[in-house]
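Line order of the protein sequences matches chains A and B. Here the first sequence is numbered in our numbering, starting from 1 and rising by one per residue. Here the second sequence is numbered in our numbering, starting from 1 and rising by one per residue.
None of these hints come from the bench; they were simulated from the model. Treat the hints loosely; a few may be bogus.
[Stated by the list, open to error] DSSO-like cross-link-like pairs, simulated, lysine-lysine; straight-line CA separation at most 27 Å: (1) K2/A <-> K54/B; (2) K659/B <-> K703/B; (3) K158/B <-> K411/B; (4) K151/B <-> K68/A; (5) K411/B <-> K47/A.
[Said to hold, decoys possible] Label-pair distances were calculated between CB atoms; the ranges are: (6) G112/A <-> K683/B: 42 to 48 Å; (7) G71/A <-> E340/B: 29 to 35 Å; (8) T101/A <-> P8/B: 46 to 52 Å.
We put the CB at the ideal spot given by N, CA and C, even for glycine.
So you can see what is in the structure, the chains are spelled out below.
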Amino acid sequence: MKINFEKRKGVDIVSLIGRFDGNTASSVKDETMEQLNENTSLIINMKDCEYVSSAGLRVLMIIAKTLKSRGGSGVLVEMSEEVGDVMEMTGFGNIFRSFKTIDEALEFLQRGGEKC
Amino acid sequence: MLRVDVFPTHQQNGIKFRRGRALPFGATIVPEGVNFSIFSRYAASYELLLFKKKEKEPFAVIPFPEEFRIGNVFAMTVFDLDFENVEYGYRVDGPNNPIEGHLYNKEKILMDPYAKAAGGREIWGIEPDRDNLFQHRSRIFFDDFEWEGEKPLELEIKDLIIYELHVRSYTKDRTSKVKYPGTYAAIIEKIPYLKELGINCIELLPVFEFDEFENSRISKETGKKLMNYWGYSTVGFFAPKAGYAATGKFGMEVDELKNLVKELHKNGIEIILDVVFNHTAEGNENGPYISFKGHDNKTYYLLTPEGDYYNFSGCGNTLNCNNPIVRNMILDCLRYWASEYHIDGFRFDLASILSRDQNGVPMANPPLLETLAFDPILGKCKLIAEAWDAGGLYQVGSFPSWGRWAEWNGKFRDDIRKFLKGDKQVVREVIERIQGSPDLYGWEDRGTTASINFITCHDGFTMMDLVSYNEKHNIANGEGNRDGGDDNESWNCGWEGSTDNPEINFLRNKQIKNAITLLLVSRGIPMILSGDEFGNTQFGNNNAYCQDNEISWLNWDLLKENNDLFSYFKNMIAFRKAHPVLRVTRFDTCHTDTGYPEISWHGTKAWNLNYDFLTHRMAVMFCGSADKYGTEDDEFIYMAMNSHWEMHEFELPILPKGKFWHVAVNTDMPGGEDFWSQGEEKKLKDQNKILVGSRSVIVLISKNKD
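All chains should be modelled from the sequences, with the hints used to inform the complete structure.
Structure follows, in structure tokens:
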């Protein structure tokens, strides 16, 4: 899995590319956590993430909880239907608000977003 | 702070490990690794086999060094495992001496009895690779589900209205219109429906991992594949059935089932599991090695002095439930489901086996049942016994209870069925059943809540089939129609099977309404079979244990077709909820501060039930004191039951001044006019008597309005 970081309009965007599973969960967690400061606004771009395993879902949960503890907010974008369904069915559906596009997510976060 | 035991002491082909901890049993995620702990009393040696998911050959085989054994427990911590993608099993060496009860075979790869998840059947119905030596594969799972503060509901048992369902049957049919049919997740989609119906507890047929391909075969009669569909044959007691999870293919069945529990609880619905501890899927001496047989046959199974399997379950073997090791495993298992899954209660299949000692003899105070009754973690769980077994032990009314155990009341089913189809000489029994069966549960600190009342369940006819078939029609099961019970106490209303005859169909619907009325007005805990509320049929099959097709799958199109039945069920459930005098724990029948007895019996003459003569006509009146039940006013409920084929006039008991009888239910009326919802009940013109149609039930309530 590849992880790309960029910053747009003051918002951190992390793009997950490939399979987000037990092999990669730890590195996604460590690298993303490094980006999280006080009041971080974060977009997790799932467009090229073909699969999220149980370990991957847990990393998302940990990121959400960390953001919350630091007063930040985060959202998911461009999640495939299957990944969205898996999250929903396994109880991870309400970790993050989800948006179709990065632009929609940016607009939401720039309006102040909401706490995780 | 770093622990000192995070450093490996041993290494083999790059796999690092050290001596593990003996407790807890099973595979547990610990800092930097996974702790594996396995018990066997008679094993000489153990090997841990690690596989990449779904692969036939292990990537590591690690023998347990002798110093890793403590007592009869072998324990090892393995470091740096990508445990999400690992499956593990064991090979065990030890004596192979069937007469002594030992069947060790070091060639067999065994599942962990404490496996929290199991691979091998993770997608329902995918034909397994029979050449694979490792069929049921232990998996490791995170136990860190985010419950967001949710906890078990702890509804009072007296208030429960249980709804029995099979995870796959419930939504597998296309008519269910859910996104992932036949799964745990699909039940969530049906929660709004369940709430509309009004039930507050679902009871799932077995969801412990089982092999749907056990004894699978093609039916000669239908050409269809027959399966171990119901799943009363456990492979792993701690693992949820992965094939019931839409996410099973991703190995997320644990989270999916927990999410179902969480969503049910959020909506005020409890969940009870039907658990099968009486036997396992390993069958008799010809059955497969899955786990227990290979780990420690003599400990896990009840054996004859010659080393053969006792078969009190009718399924080839009998779990040795009152052996201290097995007893602890069952306790560990139930504690796990209660604490990790927030399960609200358990219904024990063939529970009488749990009362047998290590020689198979029934005990007066079985230690396992006592332990479960007093266990602190299970302290608020409902414990329900199917109080019989296939070895002839029948304990309905006498199951050891310590005031904690309830029972499936098979006598309720039989007596009410007999009465409804017009049998004579059941009036005395019906009187007991409506009161919550004091003849069965009137002592030893038991009460009405010891009685789980039901007329239908998964085992036997559906309600629609009960009124549509005189005989079972199980040819599709491929056993020459010999399987399934013959004592159904059913009546087809004049024609065997479906018919266009409107009179017969009206009578059938009426009989169903009569049945559900008696069920929901009776004291005790009612249980409804899912689909009965819209007239679901199994086409006369009273033992659909092997039918993974339209015979078992609920046909939701019938909900529209039989909407009057659904409305009626919904109304009766609401009726029960509205009247606390029906939902009690004690058998209170005596005089109240109203001047009336709490329960009184009547015939066609008020206050005058002739037990010998009036075999088809009877009435009951409940009197709920406002002081006692906290209602706005004293409440009277009168139910007239006429199972005779002719109409009869019933004289009504006189109400206290200022109260008048109002009709809540009349099953003799067509759909739409058969009930009046709460607050809308219709005042009777003649307050002294009422005509009760043939094979009909009328329920009246008292109201102050003139």
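Right, here's what the structure says about each hint:
A C-alpha spacing of about 26 Å is found between K2/A and K54/B, which places the hinted pair at or below 27 Å, so the restraint holds. Taking the CA atoms of K659/B and K703/B, the gap is about 5 Å. The hint holds against a cut of 27 Å. Simply put, K158/B and K411/B have alpha-carbon atoms about 19 Å apart, close enough for the 27 Å limit, and the pair holds. The straight-line distance between the Cα atoms of K151/B and K68/A is roughly 23 Å, inside the 27 Å bound, and the hint therefore holds.
Of the supplied pair hints, the one linking K411/B and K47/A is violated, its CA atoms being roughly 60 Å apart against a limit of 27 Å. For the pair G112/A and K683/B, the supplied restraint of 42 to 48 Å is violated, since their beta-carbon distance comes to about 60 Å. Evaluation of the 29 to 35 Å hint for G71/A and E340/B yields a pass: the beta carbon distance comes to about 32 Å. The supplied range of 46 to 52 Å is met by T101/A and P8/B, whose beta-carbon atoms lie about 48 Å from each other.
The structure fails to meet hints 5, 6 from the earlier list, while all remaining hints are met.
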